[in-house]
Amino acid sequence: MKERFQYILYNYNEDKNFKVDSTSDVYNELCRALPNEIRTMLDNDDLIVKGSMGQGNKTEYPWLSILNRNITRTTQKGLYIVYLFKKDMSGFYLTLIQGITHFEIFRKDRYKNARKVSEYFRSQIEQTSFSDENIDLGGTKRGELGYGYEQATVLSKYYPTNKINEEILYADLVELLQTYEFMVKHMETQNYDEIIKYVLADDDPGFLSGDEAIDEIDREIDPEDGLPHDVKRKLEEKKPYVDLSKKFKKITSPKLTKIDYIKKAVKDLKIGLRGEKLVIAHEQDRLRELGFYDEAENVEWVSKEDDTLGYDVRSFDIDQEGNLFPIQIEVKTTRSIVDTEFFVTKNELNKSKELAQSYFIYRVYDADSQRPKFYRAQGKIEDNFIIDPYTFTARYKYPEVIESGR
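Note that numbering that gives the first Met the number 0 has the sequence shown beginning at 0, numbered continuously upward.
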């Protein structure tokens, strides 16, 4: 192994071709010969060994990975062993690392959360000759893949180009493989997404930001279902009108069979997510238009992590004196082209009493259209809606509804 590593170190940067050349000697050593040599050392058919100089363009940080197929088959996700070469080829690291690309779902917190998971893994490894210090690939910048590698490393050992010992190389790989196998046994029955979720669960709730929430919801539903591919939905605020609540009852409130209820439950879940996505995007746009760019970035989707709070979204509003204050939004969504009754919970009723003027109901309707509509109701739910004490359905207090006693 020593000679192959040294050949790569001495020759990688000498090749001035910016494109990956699969016919080059360096490519042959990194992507064919060295992986084959390591495979002969391994007595485990579950391990995948592969080297890379990049896809299309040659990377500044080439690598050779060893992955256990029971928990990952890609270097973008999961836990695996990888040899990482420094940018200036002055040496390389043998590391236990996480796929940093997978942490992109956390957006601005991707590196912080990758470090947290790495720290947890380190805390569970009792004895090792490997370092838990950050690696330094040289000249990395935030946002680059090399920087991500540095943040996602769990354990590492460094080998300077002029101080590579064959026996130590072999012994270190055997030790790290044993650590890796020990960890895999505790993981192979679980999805890696769930593992990350469990590890991060002990921290603060970590509610999703507005942008993260929109991405998450898009993964759960077809974001623009029923619209041409180049058309986007956008909320349009309306004042509530009484005629909207009384017409087309057979369309807005059809009778349902048992089978229909199952289908309706699935549809209701998706339409609820769509409404929350629309409200989050609306709040971000509204705050940016008012000049509150930082606050727009801090709109949060809280019901994703905790659906017992009594509201779905945290945002901001301005009082009559022009002062900014935090608000909590419960989103109620329907496909109906008119405003209809909706269910509320005791928790939502109590939370609206507790939060008073910082609590809002955003009633979204006509949610399947290109321009869904909504209105806002501020304050206690019972101040704005008539609540049926038996069914806990809520209906906006339109003047005609109040006068007729309905």
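Derived by calculation from the structure, the hints in this document are not laboratory data.
Treat each hint with caution, since some may be false.
Computed cross-link-like contacts, DSS-like style, restricted to lysine-lysine with a CA-CA straight-line distance of at most 27 Å [unchecked claim]:
(1) Lys140 - Lys76
(2) Lys233 - Lys196
(3) Lys238 - Lys184
(4) Lys1 - Lys196
(5) Lys18 - Lys184
(6) Lys233 - Lys107
(7) Lys184 - Lys162
(8) Lys76 - Lys303
(9) Lys196 - Lys76
Computed spacing ranges between beta-carbons, pair by pair [to be verified]:
(10) Asp14 - Glu288: 50 to 56 Å
(11) Phe181 - Asn349: 47 to 53 Å
(12) Asp293 - Lys18: 29 to 35 Å
(13) Lys352 - Lys184: 34 to 40 Å
(14) Thr100 - Glu381: 23 to 29 Å
(15) Thr127 - Lys345: 49 to 55 Å
(16) Asn164 - Lys196: 38 to 44 Å
All residues carry an ideal CB built from backbone N, CA and C; glycine is no exception.
Verification of the hints:
The hinted pair formed by lysine 140 and lysine 76 meets the criterion: a straight-line CA distance of about 21 Å does not exceed 27 Å. At most 27 Å may separate the alpha-carbon atoms for a hinted pair to count; lysine 233 and lysine 196 exceed this at roughly 31 Å. Taking the CA atoms of lysine 238 and lysine 184, the gap is about 58 Å. The hint is violated against a cut of 27 Å. At most 27 Å may separate the alpha-carbon atoms for a hinted pair to count; lysine 1 and lysine 196 exceed this at roughly 39 Å.
Using a Cα cut-off of 27 Å, the hinted pair lysine 18 and lysine 184 is violated, with the two alpha carbons roughly 39 Å apart. At most 27 Å may separate the alpha-carbon atoms for a hinted pair to count; lysine 233 and lysine 107 meet this at roughly 25 Å. This hinted pair does not check out: lysine 184 and lysine 162 have alpha carbons roughly 34 Å apart, beyond 27 Å. As the CA atoms of lysine 76 and lysine 303 are separated by approximately 22 Å, the hinted pair is consistent with the 27 Å bound.
Under the criterion of a C-alpha separation no larger than 27 Å, the hint pairing lysine 196 with lysine 76 is consistent with the structure, at around 14 Å. Range check, aspartate 14 to glutamate 288: Cβ separation about 52 Å, and the 50 to 56 Å hint holds. Take phenylalanine 181 and asparagine 349: their Cβ atoms lie about 48 Å apart, and the range 47 to 53 Å holds. Hint check: aspartate 293 to lysine 18, Cβ distance near 42 Å, so the stated range 29 to 35 Å is violated.
Between lysine 352 and lysine 184 the Cβ separation comes to about 51 Å, which falls outside the hinted range of 34 to 40 Å. The hinted range of 23 to 29 Å is not satisfied by threonine 100 and glutamate 381, whose Cβ atoms lie roughly 48 Å apart. Taken as a hint, the range 49 to 55 Å holds for the pair threonine 127 and lysine 345, whose Cβ atoms sit roughly 52 Å apart. Taken as a hint, the range 38 to 44 Å holds for the pair asparagine 164 and lysine 196, whose Cβ atoms sit roughly 41 Å apart.
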